[in-house]
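Q: Sequence:
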Amino acid sequence: MNRNIAIDGPSGAGKSTLAQKAAQELGYLYLDTGAMYRAFGLYAIEQGIDFHAPDAENENKIKALTEDFTIDISYEAGNQQVFVNRRNVTKLIRTPEVSIAASKVAVIPEVRLKLVELQRRIASQHNVVMDGRDIGSYVLKDACVKIFLTASPEERARRRFEELRQKGNQTVTFEEVLRDLKFRDENDSSRAFAPLVQADDAILLDTSDLNEEESIRALLAIIRNKMDGEEHGIFENSL
415 MNRNIAIDGP SGAGKSTLAQ KAAQELGYLY LDTGAMYRAF GLYAIEQGID FHAPDAENEN
475 KIKALTEDFT IDISYEAGNQ QVFVNRRNVT KLIRTPEVSI AASKVAVIPE VRLKLVELQR
535 RIASQHNVVM DGRDIGSYVL KDACVKIFLT ASPEERARRR FEELRQKGNQ TVTFEEVLRD
595 LKFRDENDSS RAFAPLVQAD DAILLDTSDL NEEESIRALL AIIRNKMDGE EHGIFENSL
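According to my numbering, the sequence shown is numbered sequentially starting from 415.
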């Protein structure tokens, strides 16, 4: 039976970075599910969806897009690549505009069901570290380790702002990033279908005061402690 690790948390908590490093350390496959929703969001934008329009006006249009939308995941030198209808969109999905679109499409059950099907199929075939918003509570309810990763909104916005600047986006402001992040938090937590929530059996890890190296050490300690407990018949909820 495959051993899967679920890492959930709000936008900008560092899930992708830490999950990828944990997967490398453990020799597991890393699956960034957020990138999949971003890919669909990008596709919707390119198909003419106006995400500034009322959500009700867009819902049926977005549902219809799932029929012609295909997504594939591959890996190059250990890095996840996302393909939409055979086009590599990996470098196009990390913008504030796509971030908003991803949060909007993620509340639509038809979109989530299409992407969750692929996520579960990958997890059934490999040992994976999977990060997202509802992995432990919905996608992989039987994951052997569940972690809810978070940090304060201001710290998460600071990290995302620096990331965007490093990638060449010199026009975005910290205030815009913080506003976008708070919008996503509200959207993700309040959606009716598979909302962002800490699973009952997930372990909370707050990295507000930790740097990247300290965060990965704490994450790996939780994973190894939990796995060791399972091997010896001990089930712990905290370190």
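Worth double-checking, as some hints may not be accurate.
To be verified - Calculated pairs, BS3-like style, for lysine-lysine (alpha carbon to alpha carbon, straight line, at most 25 Å):
{"id": "1", "residue 1": "K555", "residue 2": "K475"}
{"id": "2", "residue 1": "K505", "residue 2": "K596"}
{"id": "3", "residue 1": "K555", "residue 2": "K505"}
{"id": "4", "residue 1": "K528", "residue 2": "K477"}
{"id": "5", "residue 1": "K477", "residue 2": "K435"}
{"id": "6", "residue 1": "K475", "residue 2": "K581"}
{"id": "7", "residue 1": "K435", "residue 2": "K475"}
{"id": "8", "residue 1": "K477", "residue 2": "K581"}
{"id": "9", "residue 1": "K555", "residue 2": "K581"}
{"id": "10", "residue 1": "K581", "residue 2": "K596"}
What the hints contain is simulated information worked out from the structure, not anything from laboratory work.
Q: Give a verdict on every hint.
A: Verification of the hints:
| no. | hint | result |
| --- | --- | --- |
| 1 | K555 <-> K475 | violated (31 Å) |
| 2 | K505 <-> K596 | holds (24 Å) |
| 3 | K555 <-> K505 | violated (31 Å) |
| 4 | K528 <-> K477 | holds (11 Å) |
| 5 | K477 <-> K435 | violated (35 Å) |
| 6 | K475 <-> K581 | violated (32 Å) |
| 7 | K435 <-> K475 | violated (38 Å) |
| 8 | K477 <-> K581 | violated (32 Å) |
| 9 | K555 <-> K581 | violated (35 Å) |
| 10 | K581 <-> K596 | holds (22 Å) |
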